[in-house]
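> Residue numbers (our numbering), protein chains in the order written: chain A, 1 to 343; chain B, 1 to 343.
Please keep in mind that the hints were generated in silico from the structure rather than gathered at the bench. A few of these clues could be false.
Copies of the same chain look alike in the list, so a pair counts if it works inside one copy or between any two.
[Claimed, not checked] Below are the EDC-like pairs computed for lysine to aspartate or glutamate, each with C-alpha atoms no more than 16 Å apart in a straight line:
id	residue 1	residue 2
1	80	23
2	56	143
3	170	138
4	59	143
5	141	49
6	56	199
Number of protein chains: 2
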Amino acid sequence: MKHLAIFVVAALAAAPALGQSDELIALRGMGSFHVGGRVADVSGRPIREAPLPDGKTQKVDPNGSFLIEQMYVQYFLPAKKHGKYPMVMWHGGGLTGVTYETTPDGREGWANLFLRKGWDVYVSDAVERGRSGFAEPELFKGEPVFATLGFAWDSYRIGAPGSFQSAKGKRVAYPGTQFPVDDYENLVRQLVPRWLTTDDAILRAYVAEIDRVGPCVLVVHSQSGTIAYRAALARPDKVKAIVDVEGTLRGDASTAAALKHIPIIVIYGDNVEKSEFFATQHATNLKMVDTARSVGGSVEILELPAMGLKGNSHFLMMEKNNAQIADIIEQWLVKKELTNNSQ
Amino acid sequence: MKHLAIFVVAALAAAPALGQSDELIALRGMGSFHVGGRVADVSGRPIREAPLPDGKTQKVDPNGSFLIEQMYVQYFLPAKKHGKYPMVMWHGGGLTGVTYETTPDGREGWANLFLRKGWDVYVSDAVERGRSGFAEPELFKGEPVFATLGFAWDSYRIGAPGSFQSAKGKRVAYPGTQFPVDDYENLVRQLVPRWLTTDDAILRAYVAEIDRVGPCVLVVHSQSGTIAYRAALARPDKVKAIVDVEGTLRGDASTAAALKHIPIIVIYGDNVEKSEFFATQHATNLKMVDTARSVGGSVEILELPAMGLKGNSHFLMMEKNNAQIADIIEQWLVKKELTNNSQ
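With these hints in hand, go ahead and build the complete structure from the sequences.
Take a look at the structure:
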């Protein structure tokens, strides 16, 4: 332990509001890096005149060699390590690693909470999102799609479909919603454009991240649930567990057998049956529970409402009870012997 | 050399290997938020068929209300505060806040280094870059521009113009370059597309950040140097100093008078005279030194080569001697009485 200074974590006298912990965070390191990517060439495209603010234009040559499909990763390493492996967090479609940072209403997100529990935390922005950058139009198939102001509300079960612009002329959330609806716009500010054709590139970058970080626990959300399952198939020796927040496990008996040594849990919020998309996804995952069991593997589905936690949307890590859900995940990881002590 | 501040550069007692400190970082908080943005409406555009990976398409309706021009900010608050004000870091064009994180060769960047010195550090991604997201094509004027593999090398004085693909067929750096050239690709991975028409939106978001953070010291690079000067004019009571790494101060006697109470320093690396762009920029800034002095203000230009620091490119915060340059900035801030003690 020669690198660790002896540390006394002093409690601050005044507790900050809004559920912030008043204990210091002691880190043995923090930083960032990019993984993956490849050189791609563009040629034969005309030089264009790009408009400038003053009405003039600037010549832009879109040809040349570009480095594309790299992925940004930021990490925080706690002074006192409790998790047996690093925790690697992947976000959903149209979002970035900000998913796991401060909640829309200004409380600590899962990155902070698991860091405080003693996990090395790695948070990335998927290829073509956020700090990973995106590529010349002809290098990515298709165009980016943009989420409207009400898209997340209607699609991700903050309210019923169409409730963002309800007949009453104002947004209506599901009764007892756990989403901090007064700060809904702060979720919308987090949304970034996404392509619909980049899953394979995202997978390659995720695998590169796993190769760099080493054996790890994946905490994934939505779009990255499907990709995490593929990443585990690519690196079955390095993925030690998957905690999947409402993502789809797309597999069969063969994939389930290949991953039977990896504990997988899918966690669901409330009102799933009221969304055609999530009801279908849920049924797919239920089937994977049986398929996994039939080959001796373990896929669990955790329904928060069945545990008495009502009103959660698709964004478990951002909601009012996000710390409680983090504790539930922590307990599952302890049970799976993925921590260094029983806490 | 009337433009040079008098400086004593203290030698570091014991330089840790590769600039990594083995001391823990103790934080009283860390997190992120978005500032600014506005609702913009798109209507009348046709619904399009976006390609999916499997060859099918998905209907995408590009119309609706969107939240655009918001800006992402991440912050780290040290347990022991030394800076009188928060330090707000703004990056250059085609980059993100990653500029101030881990260097391309894996050492600590200025965010960590100033945090360790006891500054509250705020790092943002300018509007339309990184985690700030970008908008539907018709909401931003023009198109994004993309940097080729060799662009930063040739344009930002890692080597002479054209030296990335030299006659010898391989990249040639300036002799004694401080840039970690073996890891040049890690700088390229950080580059993100940028628009050329969004300075005003970036300024609005920066001002929103200042309003949220409160009185602060700005540490800015390249493109954000010009915008920082405008932000100071918009909030002359809140900007307490500007540390400008090779940005352009665009002002006149009137702006200089409005900002005469704000200490401003522009820091230059080496080989400036060999770049037409930077030579012109440098001359513009030299004029501002005189203009500021004529109205009783203070703009200083610090030439690192004149202090014996040779070989620095445009990326002072990423280079082998980045910790030494951070120390020089720290000493300037101490001299300007922007710290709580004399260290």
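> Does each hint fit the structure? Answer for all of them.
Hints versus structure:
1. Taking the shortest Cα distances, residue 80 and residue 23 sit within 16 Å of each other both inside one copy (14 Å) and across copies (13 Å).
2. Within a single copy, residue 56 and residue 143 get their C-alpha atoms only as close as 27 Å, which misses the 16 Å cut-off; across copies the closest is 14 Å, which meets it.
3. For the identical chains of this complex, residue 170 and residue 138 are neighbours neither inside a copy (41 Å) nor across copies (27 Å), given an alpha-carbon limit of 16 Å.
4. Within a single copy, residue 59 and residue 143 get their C-alpha atoms only as close as 23 Å, which misses the 16 Å cut-off; across copies the closest is 12 Å, which meets it.
5. For the identical chains of this complex, residue 141 and residue 49 are inter-copy neighbours only, at 12 Å across copies versus 24 Å inside a copy, given an alpha-carbon limit of 16 Å.
6. For the identical chains of this complex, residue 56 and residue 199 are inter-copy neighbours only, at 15 Å across copies versus 39 Å inside a copy, given an alpha-carbon limit of 16 Å.
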